[in-house]
Amino acid sequence: EAQVTQNPRYLITVTGKKLTVTCSQNMNHEYMSWYRQDPGLGLRQIYYSMNVEVTDKGDVPEGYKVSRKEKRNFPLILESPSPNQTSLYFCASSWEGVNSPLHFGNGTRLTVT
Amino acid sequence: AQTVTQSQPEMSVQEAETVTLSCTYDTSENNYYLFWYKQPPSRQMILVIRQEAYKQQNATENRFSVNFQKAAKSFSLKISDSQLGDTAMYFCAFMKPDGGSQGNLIFGKGTKLSVKP
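So the sequence lines, in the order shown, correspond to chains A and B.
When we follow this note's numbering, the leftmost residue of the first sequence carries the number 1, and every step to the right adds one.
When we follow this note's numbering, the leftmost residue of the second sequence carries the number 1, and every step to the right adds one.
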């Protein structure tokens, strides 16, 4: 089954404790992105990747890191999480090309206390 | 920078009625793409409809249609014969011109639509 898999679905952590949210897709997609969703703000792009070893900042990259060492994986790293990073996070992927639909993961609910 | 504005945080409609969700955007580009996504309570993001800016004809998908006004930079979504399953958050999205994929979207803040029986 074609899918984007995010883990974990729920995560509660404390300020300053490094964490990684994993994202993996099995569709050989070139494009992958991370978004965060906050009430009243919609989805905002954190980082995106056009291919292996090619990543670029989205609109809200501060406090986040990503890597794209393999085509299928695009982990989101929070080196020192803070409470303002409490949010719902989505990973997404697609082929290159506007006619290729964007496949979303099921989301990760992160709470930083 | 491109921006997407959804001015209606919440809306409600009676089942079987028609409702229109508003979206405006700001860009200096001439060629771009616009989308409406639906997010039901399950959190899943579902593509509803897509519009290419170079096409004058408004896109239609079954009960969903858009009113695309390029000069006004307006992209509204009309849902006809509303069903209870249409209850969801709806997001308008703009694809960055330098992005070659839907993976490079700018989203509006969303409109929460409730369909009442």
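Hint data in this document are derived by calculation from the structure and do not stem from the laboratory.
Do not rely on the hints blindly, as some may be mistaken.
[Stated by the list, open to error] Here are the simulated DSSO-like pairs of lysine-lysine, each with C-alpha atoms no more than 27 Å apart in a straight line:
#1 Lys57(A) <-> Lys73(B)
#2 Lys109(B) <-> Lys65(A)
#3 Lys57(A) <-> Lys109(B)
#4 Lys116(B) <-> Lys70(B)
As the structure is a computational prediction, the values presented were derived from the model and not from experiment.
Hint-by-hint comparison with the structure:
1. Lys57(A) <-> Lys73(B): holds (26 Å)
2. Lys109(B) <-> Lys65(A): Holds - the C-alpha atoms of Lys65(A) and Lys109(B) are around 24 Å apart, at most 27 Å.
3. Lys57(A) <-> Lys109(B): holds (20 Å)
4. Lys116(B) <-> Lys70(B): Given pair Lys116(B), Lys70(B) is violated - Cα atoms ~32 Å apart, limit 27 Å.
Checked against the numbered hints given earlier, this structure breaks only hint 4.
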